[in-house]
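Chemist: The lines below spell out each chain.
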Amino acid sequence: MFKKSIIAAVLVLFTLGTVAVAFAGEGPGGNKRKGKYTYRKLVKACFERGAVESASPKVSPADKKQAEWKAIFEGKEFSAFGCDEEWANASDKDVLDIYSYFYSFAADSPTPATCK
Amino acid sequence: MGKKTAGICLALILGFGLCMGIVNTGTAATATETSEEALGIKLAKQAVKADKHWTTTDHSKIEALNQNFTSGSQITQACLSCHTDASMQFEKTIHWTWKVESEKPGIMNGKAGHAVNNFCISGNAMEDKGCLSCHVGWNGTKEEVNCLNCHGGEKYNYKEAFGDIQAFAGDEDPETQEIVTELQNEIKTAVKNITMPQRNHCGECHFKGGGGDGVKHGDLDTSMAKPNKMLDVHMAAEGADFTCTRCHTTVKHNIAGRLYTRPASAERKSLIQDDMATKITCESCHGTLPHKKADSKMNDHVDKVACQSCHIPEFARVNPTKMWWDWTKAGDLKDGKPYVVKGEFGKPTYKSIKGEFKWKKNVKPEYFWYNGSFSNIGIKDKIDPAQIVEVSHPLGEKSAPDARIHPFKIHRGKQPYDKINNQLVAPILSGPKGFWTTFDMDDAITRGNKALDVPYSGEFDYVETTYAFPITHMVAPAQNAVNCTECHIRDNSRLANITGIYMPGRDKNNFIDSIGMIAVLGAFGGVMLHGLGRFFTRNPKEE
Numbered sequence: 001m002f003k004k005s006i007i008a009a010v011l012v013l014f015t016l017g018t019v020a021v022a023f024a025g026e027g028p029g030g031n032k033r034k035g036k037y038t039y040r041k042l043v044k045a046c047f048e049r050g051a052v053e054s055a056s057p058k059v060s061p062a063d064k065k066q067a068e069w070k071a072i073f074e075g076k077e078f079s080a081f082g083c084d085e086e087w088a089n090a091s092d093k094d095v096l097d098i099y100s101y102f103y104s105f106a107a108d109s110p111t112p113a114t115c116k
Numbered sequence: 117m118g119k120k121t122a123g124i125c126l127a128l129i130l131g132f133g134l135c136m137g138i139v140n141t142g143t144a145a146t147a148t149e150t151s152e153e154a155l156g157i158k159l160a161k162q163a164v165k166a167d168k169h170w171t172t173t174d175h176s177k178i179e180a181l182n183q184n185f186t187s188g189s190q191i192t193q194a195c196l197s198c199h200t201d202a203s204m205q206f207e208k209t210i211h212w213t214w215k216v217e218s219e220k221p222g223i224m225n226g227k228a229g230h231a232v233n234n235f236c237i238s239g240n241a242m243e244d245k246g247c248l249s250c251h252v253g254w255n256g257t258k259e260e261v262n263c264l265n266c267h268g269g270e271k272y273n274y275k276e277a278f279g280d281i282q283a284f285a286g287d288e289d290p291e292t293q294e295i296v297t298e299l300q301n302e303i304k305t306a307v308k309n310i311t312m313p314q315r316n317h318c319g320e321c322h323f324k325g326g327g328g329d330g331v332k333h334g335d336l337d338t339s340m341a342k343p344n345k346m347l348d349v350h351m352a353a354e355g356a357d358f359t360c361t362r363c364h365t366t367v368k369h370n371i372a373g374r375l376y377t378r379p380a381s382a383e384r385k386s387l388i389q390d391d392m393a394t395k396i397t398c399e400s401c402h403g404t405l406p407h408k409k410a411d412s413k414m415n416d417h418v419d420k421v422a423c424q425s426c427h428i429p430e431f432a433r434v435n436p437t438k439m440w441w442d443w444t445k446a447g448d449l450k451d452g453k454p455y456v457v458k459g460e461f462g463k464p465t466y467k468s469i470k471g472e473f474k475w476k477k478n479v480k481p482e483y484f485w486y487n488g489s490f491s492n493i494g495i496k497d498k499i500d501p502a503q504i505v506e507v508s509h510p511l512g513e514k515s516a517p518d519a520r521i522h523p524f525k526i527h528r529g530k531q532p533y534d535k536i537n538n539q540l541v542a543p544i545l546s547g548p549k550g551f552w553t554t555f556d557m558d559d560a561i562t563r564g565n566k567a568l569d570v571p572y573s574g575e576f577d578y579v580e581t582t583y584a585f586p587i588t589h590m591v592a593p594a595q596n597a598v599n600c601t602e603c604h605i606r607d608n609s610r611l612a613n614i615t616g617i618y619m620p621g622r623d624k625n626n627f628i629d630s631i632g633m634i635a636v637l638g639a640f641g642g643v644m645l646h647g648l649g650r651f652f653t654r655n656p657k658e659e
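From first to last, the protein sequence lines stand for chains A and B.
Reminder that position 65 of the first sequence reads as 65 in the numbering used here, one-by-one numbering, no gaps.
Reminder that position 298 of the second sequence reads as 414 in the numbering used here, one-by-one numbering, no gaps.
Hints in this document: simulated from the structure, not taken from any laboratory.
C-beta: ideal position from N, C-alpha, C; glycine also.
Be aware that one or more of the hints could be misleading.
Some chain B residues near chain A, calculated using beta-carbon distances under 10 Å [as the list claims (entries may be wrong)]:
id	residue
1	GLU276
2	PHE284
3	GLU354
4	ALA356
Listed below are the simulated DSSO-like cross-link pairs for lysine-lysine, each with C-alpha atoms no more than 30 Å apart in a straight line [said to hold, decoys possible]:
id	chain 1	residue 1	chain 2	residue 2
5	A	LYS44	B	LYS342
6	A	LYS65	B	LYS245
7	B	LYS467	A	LYS58
8	B	LYS408	A	LYS58
9	B	LYS304	A	LYS41
10	A	LYS58	B	LYS275
11	B	LYS458	A	LYS64
12	B	LYS271	A	LYS58
13	B	LYS342	A	LYS58
14	B	LYS304	A	LYS64
15	B	LYS275	A	LYS93
Simulated restraints on C-beta separations [stated by the list, open to error]:
id	chain 1	residue 1	chain 2	residue 2	range
16	B	VAL456	A	GLU68	45 to 51 Å
17	B	GLY279	A	GLY29	18 to 24 Å
18	B	GLY459	A	GLY29	26 to 32 Å
19	A	GLY29	B	ASP451	28 to 34 Å
20	B	LYS566	A	ALA67	39 to 45 Å
21	A	LYS76	B	PHE555	50 to 56 Å
22	B	ASN273	A	LYS76	26 to 32 Å
23	B	LYS566	A	LYS76	52 to 58 Å
24	A	LYS3	B	VAL456	49 to 55 Å
Turn these sequences into a full structure, and let the hints steer you where they fit.
Modeler: In structure tokens:
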């Protein structure tokens, strides 16, 4: 009985650990690939409005670490991007996708973003 | 008395004139030649005048390019539907193979061959994937030639776009479909924007050889993408505005100008003789009397001194270049992690993955006799580790008719060698088993040498090495050329290491100096005596 309990406990811990690692690795849970293009589209709209100098995004995911992006996106503090109007109009889903993109390619991620 | 004085003055003037005549006899004879511009220069200017990008084909009208591409290979196939032999030609060139037969049996030169250098050392027969970002294929060596690497008029990240299109496949979300449509339109626009190779195409690899801007060549870095006339008279927009291919002419995608084994100076063809000469020299355009005044003393130098020796006074004049790379220092970690130290010029002076570096700007070249060929130490050659190993060094002797004194960048460093076999080794660097990940040099050498099928004893040490690069770009305006007295001077002459010849001003030989002085004084004395004799023996009655 004791032996069975030990095995069951180990299995439960293993399962919990695996699930935790899997979820931790996925980050915010949006579509990071789509987020990249949504972000570019947002900056392009901002450029066409004349609020930024270039249609190419100047802020890259590799500019900050994952924890820093987490603080920015969860706090909805987008002033560093310089496109307040576009960020305010972006849907929650779009912001989540962009967050996933920045989180997945942050400086301390396994695959930091390089310039396009 | 007045007449006597006048006579003495006349004698002095005559004597001085005679002396000057003796000194200048070598050049005066050719003074009648004109300073008209050489035909080669006229042709070169004609080639780069006004509308440079003329073409008989509007690629935006080519139906084969008007499709929704989903891979690089599809683009190449579209190119080949008209340019049928292009990739077949290209795949035979060293730009694709990265290796070429050497004069040694069974030994291949080039990154994918047996050649080594004292930067990242070897391409490990293309097993080191870190090098392959500069290979002109869609996916390293695995897929077809990427024609747009050299002919794409727009810099576009095709790899990313194709990866995303594939990842979005099957996603019916309208927003996703909109993204895919935009990507495909972007690709189509980029594919139709075709051009002849421009500086940015060549520079993407050649400005950044060795792993970064200005690392390898002292005379090629990103400052040459848009140089001003002070940096390069040939490539400056306000100068001749040459692209690379103006001099590096091409036959069947073989690009001229490579310096490895074949002597360059022996041919010395001009563009008038052959616009597709395989080796380009300054004389191709400037002729063998390049200085406008045909009686210029400088024209007497061209048979022994390369034009570059005087006209490229310093290299790395805008961006710094790497001059020292010490692999013995590589592998140091902080808190178990690799780190980087940056120094002067904002360039790294230490990297855990690579070792210690030294960078310099405005570097005076080193000068050697050079016939256009190099001696190379490859992975299979024996070395003497007690000596500094010249991994690449110019060939040429003072007595050879095709050799000239030429400027070089000498990159120095320390790199690993096999202690038992006395051979340089080729550690593999990138990838999960490479030194940049494992920091295990012994294991990296074992794997790297295995890729090249070269035995490794299992024991290594480090040896100091040099690697020479000819300096031939960054040609300065004429007024900034090296002054005569920088070479013809007793101390600190630029040509101090060019020995075995007599160089006026630099060298001293008491016997020759005495003969010269006797000749000058003798001529002066003779004229004086002659003048005085005429003066005192004149017949007053004749006046």
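Chemist: None of the hints should be skipped; say for each whether it holds.
Modeler: Taking the hints in turn, this is what the structure says about them:
With 10 Å as the threshold, the beta carbon of GLU276/B comes within range of chain A, its nearest partner Cβ sitting at about 7 Å, so the hint holds. Of the supplied interface hints, the one on PHE284/B holds, with its beta-carbon coming within about 7 Å of a beta-carbon of chain A, less than 10 Å. Taking 10 Å as the C-beta contact cut-off toward chain A, the hint placing GLU354/B at the interface is violated, the least distance being around 28 Å. Hint status for ALA356/B: violated, given a least beta-carbon distance of 32 Å to chain A, over 10 Å.
Restraint check: the Cα-Cα separation between LYS44/A and LYS342/B comes to about 28 Å, which is no more than 30 Å; the hinted pair holds. The suggested pairing of LYS65/A with LYS245/B holds, with an alpha-carbon distance near 27 Å, which does not exceed 30 Å. A distance of roughly 27 Å separates the Cα atoms of LYS467/B and LYS58/A; the hinted pair therefore holds under the 30 Å criterion. Annotation: proposed proximity of LYS408/B to LYS58/A is violated, straight-line Cα distance about 51 Å (limit 30 Å).
Distance check on the hinted pair: LYS304/B and LYS41/A sit about 19 Å apart at the alpha-carbon level, within 30 Å; holds. Of the pairs offered as hints, the one joining LYS58/A and LYS275/B holds, with about 21 Å between alpha carbons and a cut-off of 30 Å not exceeded. In summary, the hint linking LYS458/B to LYS64/A is supported, as the alpha carbons are separated by about 20 Å, within the 30 Å threshold. A C-alpha spacing of about 17 Å is found between LYS271/B and LYS58/A, which places the hinted pair at or below 30 Å, so the restraint holds.
At most 30 Å may separate the alpha-carbon atoms for a hinted pair to count; LYS342/B and LYS58/A meet this at roughly 23 Å. The suggested pairing of LYS304/B with LYS64/A is violated, with an alpha-carbon distance near 34 Å, which exceeds 30 Å. At roughly 27 Å between alpha-carbon atoms, LYS275/B and LYS93/A fall within 30 Å of each other, so this suggested pair holds. About 21 Å separates the C-beta atoms of VAL456/B and GLU68/A, a value inconsistent with the hinted range of 45 to 51 Å.
The hinted range of 18 to 24 Å is satisfied by GLY279/B and GLY29/A, whose Cβ atoms lie roughly 21 Å apart. Taken as a hint, the range 26 to 32 Å is violated for the pair GLY459/B and GLY29/A, whose Cβ atoms sit roughly 43 Å apart. Between GLY29/A and ASP451/B the CB atoms are about 32 Å apart, so this pair conforms to the stated range of 28 to 34 Å. LYS566/B and ALA67/A have their C-beta atoms about 42 Å apart, which keeps the hinted 39 to 45 Å range intact.
In this structure the supplied range 50 to 56 Å is violated for LYS76/A paired with PHE555/B, their Cβ-Cβ distance being about 42 Å. Range check, ASN273/B to LYS76/A: Cβ separation about 30 Å, and the 26 to 32 Å hint holds. As the Cβ distance of LYS566/B to LYS76/A is approximately 54 Å, the hint placing it in 52 to 58 Å holds. A C-beta distance of roughly 53 Å is found between LYS3/A and VAL456/B, which places it inside the suggested range of 49 to 55 Å.
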